[in-house]
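Just so you know, the sequences run in chain order A and B.
For the first sequence, the numbering used here gives the first residue as 41, with consecutive numbering after it.
For the second sequence, the numbering used here gives the first residue as 15, with consecutive numbering after it.
By construction, these hints were calculated from the structure, which means they are not laboratory data.
Keep in mind it's a predicted model, so treat the numbers as computed, not measured.
Listed next, the stretches of chain B that the computed footprint assigns to chain A, with coverage defined by at least 3 CB atoms under 8 Å from CB atoms of chain A: (1) 273 to 284; (2) 478 to 487; (3) 495 to 505; (4) 557 to 571; (5) 575 to 582.
Cut-off 27 Å, straight-line C-alpha distance, at most; resulting in silico cross-link-like pairs (DSS-like, lysine-lysine): (6) 385(B) / 175(A); (7) 140(B) / 203(B); (8) 328(A) / 140(B); (9) 203(B) / 385(B); (10) 228(A) / 239(A); (11) 228(A) / 524(B); (12) 328(A) / 203(B); (13) 395(A) / 328(A); (14) 203(B) / 524(B).
No residue lacks a Cβ here, since even glycine has one placed at the ideal position from N, Cα and C.
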Amino acid sequence: MQRRHFLGSTAAAGLAWAAVGRTAFAATGNAPLPGNRRLVVVFLRGAVDGLSVVAPYTEGAYYQQRSSIALARPGQDGGLLDLDEHFGLNPNLAALMPLWQAGKLAFVHASGSPDPTRSHFDAQDYMESGTPGRKGTPDGWLNRLLGAAPAGARASVTRGISVGATLPRIWAGPNPVANIANGARAGKPTQLDRPQVSKAFDALYSGDDAMSRAYRESQQSRAEVNEAMSPAAMDHEQMVANNGAPLPGGFPDDAARLAQLMRRDPNVQIAFLALGGWDTHVNQGGAKGQLANRLQPLGRGLAEFATRLGPAFDDTTVLVISEFGRTARQNGTGGTDHGHGNVMWALGGNIAGGKVYGRWPGVDASALYEGRDLAVTTDFRQVLAGVCMNNLRLPDERLAAVFPGFDGAALNIARA
Amino acid sequence: MGSPSFACPPMTQSTALPMTRRGALAAAIAAIAWRPARAAADGDAAQAEALHVLDRFAFGPAPGDLERVARLGASAWIAEQLHPERLALPAWLVDQLGTLRTPGQTQRELIQGYRDAQREAREARKAETAAPDGTQAPDPAAGERRRQAAEIAYESGAERLLQALASPRQLQEVLVDFWFNHFNVFQGKGLDRVLVESYEREAIRPHVLGRFRAMLGATAKHPAMLFYLDNWLSVAPGFQPRRKPGLFGGGGGKAKAAGGLNENYARELMELHTLGVDGGYTQQDVTELARILTGWTLQPEHPKHRRFGDAMDTSATGHGDSVFAFDPARHDNGSKTWLGRSIPPNGQLEGEFALDVLGRHPATARHVASKLARRFVADEPPPALVDRLALRFLETDGDLREVMQALADSREFRDPRPTKFKTPYQYVLSAVRATGIVTTNVRPLMGQLAQLGQPLYGCQTPDGWHDTEADWLNPNAITQRVNFATALAAGKLPLQRVDEPAMPANNALKAMERQADRAMNGNQPVEGSTPPVDAATLLATLGPAISDKTRRAVENTPPALRAALVLGSPDFMRR
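Looking at chain A on its own, in the form it has when it is part of the complex (with noise of 0.2 Å):
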């Protein structure tokens, strides 16, 4: 009997699923299948100051653009954490510094999209449909990624999954992908759990169009989703993994629960976050303040999510990207506006880390694009077509369906 519709049949016996559930998982075994690379992308919606998480604090320039808010170099008060004696990272992100020495964080700094635009809204679009300057893109690029990577056996409706209650334009085509709730609702029981009720609504959901496939979808995902995240497992993971210490809400909680998910599901293979409140005005602060409040549970939750994934994170790859950078200079109120280029943040085992790829165009007046934001020396699909051919081994002939219409190199930040 193939999984899924093991899985399904559990679902529609309702509540009893989580006892068998388990011999289910215990068939198919916990440990990652050799060759099962995985994608996480965490998007940070409304442009993050790439220059305060990655600062070059070597150039007097930065200092001199940036009066209150820039990062004092390292080794001072609230300083910098020294990456290359160039660049240091943001001191709010120290939980990162132990996958830093390690070698399995990067960044790829002056990375953005071609298009100029600096509306948030385009810009993001372009970034999810991955074709720039291009809006009638029907699909998302994660979901043509599920299309052309091979899945194999992992054929599953939890193949893609995404955190929240919507799913985001990255996402978008005709892949299915699985969305699970915010923080603990993630995994509760709900009515549709009832067998008398779930038998009444698969009558009516029972289509080929999109409402029934989604429905069908919901009820397969789910059964395996909440199988994984079940409170026994979940307990089980937090004495080994956090020493039994409840967890922070908002994105540490997500993370973990996802990397929990990820551990304990072998199907997902790419998952995605988005997390909001990065467009920096007013007051942005520098070492504390309104930024560093943000940065610091990102940290956290990036760490907690590698440390929980265990071995797992050998395979994986997380990508932290934004839709672009902002203005090298502070505005008038303590904070930054719209600017272009930024940094892009790659985490995991097979990551050659510990570098800050990309070429570094300066923050001098006369380096910057249009005279006020970090210049782009990298685009966006440069990486994401590197870590597709690179860390996630898909074929390049494949590449092409991903990224239509890109014919750019791909930077390849893959360990050998």
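Given the coordinates of chain A, assemble chain B onto it according to the supplied hints.
Here is chain B on its own, set in the frame of chain A:
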């Protein structure tokens, strides 16, 4: 009749499609004129027509609505709806709204209360640091202030949802949702926690069938928008405040003594509120518009304590309570070049001129027309309809009543097929309306909206919620909707609860979500819950909205689940 397809076909291919009950009537309706149905022979068509306008210009039919609108005729009903001031609110609703305390407060009082709460919270933190062993009791007044802020946040939702559910001025309520979303502000950002109610009541609601330029000006001057998109802080480069800024504390870093431009509002004003992202402006135009709008700020101190004279324009609100102020000292007095025009120094009038230009710009007309067509007709707005609505907008100098009339008169609008997938907001409201439950406690609904990914006043970004099937149809959404429908139909939601237990002030929304969860999934009856919904009455209320296929499935289901099946059916997900 009664084929199972609920796919959303392009409107031009009507002949070759499998049809729902409602779809089968499309041809017949298209053939008759848009006027009151004449006789019993037209009864089905009149019902379908009534359902259609109730789905698009109202939040779906409540018990008796189909018959009422069918009798009156769709055109006459729309004519009524276009003049909401002529429709009286039921007395019980007026009473309910009368219990809300927020609408009686002025902008100044709301802001003052928020600042007091902030100050007290800071002092409480300080006191805690000073006496970590708890020897100093926390100030009970501080907790009271925070509770008041949480109450204001709840009351904003109550004022909105009570009217959306029960007001006979349904089109107005639909448009309040549309235009608030167009000029979105986020309740989670600082001062806007206490200001969204005032914003909607003063800057949006009075103008939804009025002039676009009036709404544009009212939003530009409302403190909720000035704060949300930061324009209140944007000043001429090098401006030195006469005393310390930071009226509202600030979130961490201190504002610098010398300020400068902030282009946040200027950009979204053109991109989202008026011209649209492809409206033909440049980065230079954004910066120049930001310069034009320097000095548009807020002055919440009492007038006698004001540091500068009365604003030139105090007409932003009906009651003259606006805290909007134009501060000439903060204004950049240089010349500007904007959208190819040369703008000589002229104080506040520069900004007024800019709003005039934007408010009647052809790109604005197209942008507004296409958003209206998307909301009221189809995810892919028919280009001919967009052209017509944009033209009407320009012909009437942005008279939104005329634009809505043109929309209602259009062939595209009249096509009665349910092409739109309901947003969570539309789904939840239409479900409660269909049950006929007289709702006095909207907390379970606010919690439900948050779970469905559309928390009320909770869109963080200025573009507002999106409005297409692709944005809202996903696996989790269907499960959540079915879950909600089942609990609602079983009468499990405490929609009539009188004495609400106190909500924690700092995270009331999460508490509402948890409460909704417990009510929906628990087995104990909850105080304030309602009798189970009767399926036969519900089917009569919804008439042709529910297909033969669903009706057959309902008949084959145990009685206790029948109403749930109707509200959770694919038919009811569309409008």
